[in-house]
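Asks: So the sequence lines, in the order shown, correspond to chains A and B. Quick note, the first sequence lines up with residues 1 to 143 if you use our numbering. Quick note, the second sequence lines up with residues 144 to 276 if you use our numbering.
Among the hints, a few may not be true.
Ranges of calculated distance between the beta carbons of each label pair, as one might list FRET restraints [as the list claims (entries may be wrong)]:
hint: 1; chain 1: B; residue 1: 254; chain 2: A; residue 2: 37; range: 27 to 35 Å
hint: 2; chain 1: B; residue 1: 153; chain 2: A; residue 2: 130; range: 21 to 29 Å
hint: 3; chain 1: B; residue 1: 162; chain 2: A; residue 2: 22; range: 31 to 39 Å
hint: 4; chain 1: B; residue 1: 176; chain 2: A; residue 2: 39; range: 16 to 24 Å
hint: 5; chain 1: A; residue 1: 125; chain 2: B; residue 2: 161; range: 36 to 44 Å
hint: 6; chain 1: B; residue 1: 250; chain 2: A; residue 2: 113; range: 22 to 30 Å
hint: 7; chain 1: B; residue 1: 160; chain 2: A; residue 2: 36; range: 28 to 36 Å
hint: 8; chain 1: A; residue 1: 13; chain 2: B; residue 2: 266; range: 52 to 60 Å
hint: 9; chain 1: A; residue 1: 107; chain 2: B; residue 2: 273; range: 35 to 43 Å
According to the in silico footprint, chain B covers these stretches of chain A (three or more CB under 8 Å from chain B) [said to hold, decoys possible]:
hint: 10; stretch: 17–30
hint: 11; stretch: 47–56
hint: 12; stretch: 98–110
hint: 13; stretch: 113–122
Just some of the chain B residues that point at chain A, by a computed CB distance under 8 Å [unchecked claim]:
hint: 14; residue: 151
hint: 15; residue: 179
hint: 16; residue: 200
hint: 17; residue: 271
Derived by calculation from the structure, the hints in this document are not laboratory data. In this text, a Cβ means the ideal position worked out from N, Cα and C, and glycines have one as well.
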Amino acid sequence: MKDVREALMVGRNTEGKLVRRPLSPHLQVYKPQLSSVTSVFHRGTGIALGAGALLLTAWLVSAAAGDAAFSVVRALLASWIGLLVLVGFTLALFYHFCNGIRHLFWDSVRGFELEATHRNGRMVIAGAVVLTVVFWFVGFLVW
Amino acid sequence: MSNENTPSVHIMRSQLGRARGLGAAKSGQHHWWSQRVTAMALLPLSLYFVLSVLMLAGADRAQMAAYIGEPWNTVLFLCLIAALFSHLSLGLQVVVEDYVRNDAKRIITLLVLKGGIAVLALACAVSVLKLAF
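Given only the sequences and the hints, what does the whole structure look like? Please build it.
Replies: Written as structure tokens, this is what we have:
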């Protein structure tokens with residue numbers, strides 16, 4: 001082998017012979033846990049919010065383009081499918097927001113104990129749901 | 144003595160180079176910090192954005208232009224666009240680097256992705272400025 005990444009997977013056994021190290025099992029063999037699921041969700045919602053950025057662009061560009069373009073985007077967003085998509089994006093945004101705070105908290109080298117990760121993981125999910133509900137409640141009040 | 148089960152290693156790279164661990168990317172620290180700094184900037188900015196969206200619910204184009212035309216709103220929207228699209232660029236870069244192992248495919252994907260995100264960011268910024276002025 002010539003690839004350094006593969007060379008890191010080579011070690012010597014007790015007889016001094018070069019052997020390939022065993023690989024640890026991949027993600028799909030593990031039972032889903034709060035720690036892994038919140039992590040996967042963070043990446044998933046991040047990618048989804050990339051699509052949300054396209055929507056933000058459509059909203060701003062159409063407003064700058066003129067009344068005709070803006071009324072099309074506005075009608076699309078106010079349709080039931082548009083509202084459903086927006087509910088999804090707000091949930092993704094609030095989840096990524098809350099779990100992002102959790103990540104910044106971890107970056108300060110705190111909250112790594114299993115009990116703490118489970119507690120703040122539950123807080124993140126609850127926070128995202130509550131913020132989404134509050135957002136749409138206020139949204140329908142002011143609309 | 145070459146055996147199918149006995150791997151042999153031929154690598155030009157020195158052990159020192161391996162230990163330094165910088166690899167072909169030369170640096171990872173700047174990316175890591177940029178991601179955190181833009182994340183911190185987005186905490187207040189995304190809340191501001193959410194409140195703006197609530198205030199603009201059902202607004203027509205003139206009302207939206209009036210809102211974005213307020214100097215502080217223009218500034219905050221431009222800050223939001225800068226932080227959001229750079230955070231998006233850094234985040235999607237990591238996703239591509241994790242899953243696309245082929246060098247050519249990875250580099251092309253990253254160029255298209257980062258170029259596309261830069262175009263989107265500029266389109267948003269110019270639209271905000273056009274609404275404001």
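Asks: Now tell me if each hint is right for this structure.
Replies: Results for each hint:
In this structure, residue 254 of chain B and residue 37 of chain A meet the distance hint of 27 to 35 Å, their C-beta atoms being roughly 33 Å apart. Range check, residue 153 of chain B to residue 130 of chain A: about 58 Å between beta-carbon atoms, so the 21 to 29 Å window is missed. Range check, residue 162 of chain B to residue 22 of chain A: Cβ separation about 24 Å, and the 31 to 39 Å hint is violated. Range check, residue 176 of chain B to residue 39 of chain A: Cβ separation about 21 Å, and the 16 to 24 Å hint holds.
The hinted window of 36 to 44 Å between residue 125 of chain A and residue 161 of chain B holds, with their beta carbons roughly 41 Å apart. Against the hinted window of 22 to 30 Å, the Cβ-Cβ separation of residue 250 of chain B and residue 113 of chain A comes to about 40 Å, which falls outside the hint. For residue 160 of chain B and residue 36 of chain A, the hinted distance range of 28 to 36 Å is satisfied, since their beta carbons lie about 34 Å from each other. Roughly 58 Å separates the CB atoms of residue 13 of chain A and residue 266 of chain B, a value that falls within the hinted 52 to 60 Å.
For the pair residue 107 of chain A and residue 273 of chain B, the supplied restraint of 35 to 43 Å holds, since their beta-carbon distance comes to about 38 Å. With 4 residues carrying a beta carbon less than 8 Å from a beta carbon of chain B, the stretch 17–30 of chain A meets the three-residue requirement, and the given coverage holds. For the stretch 47–56 of chain A, the stated coverage by chain B holds: 6 residues have a C-beta nearer than 8 Å to a C-beta of that chain, and at least 3 were required. For the stretch 98–110 of chain A, the proposed coverage by chain B is satisfied: 5 residues have a C-beta within less than 8 Å of a C-beta in that chain, meeting the threshold of three.
Residues of the stretch 113–122 of chain A lying with their CB closer than 8 Å to a CB of chain B number 0, which falls below the three-residue condition for coverage. Restraint check, residue 151 of chain B versus chain A: the minimum CB separation of about 7 Å is within 8 Å; hint holds. Nearest Cβ of chain A to the Cβ of residue 179 of chain B: about 6 Å, under the 8 Å cut. The hint holds. Given the 8 Å rule on beta carbons, the hint for residue 200 of chain B holds: about 5 Å separates it from the nearest Cβ of chain A.
Given hint, residue 271 of chain B at the interface with chain A, holds; its Cβ is 6 Å from that chain's nearest Cβ, closer than 8 Å.
Checked against the numbered hints given earlier, this structure breaks hints 2, 3, 6, 13; the rest are met.
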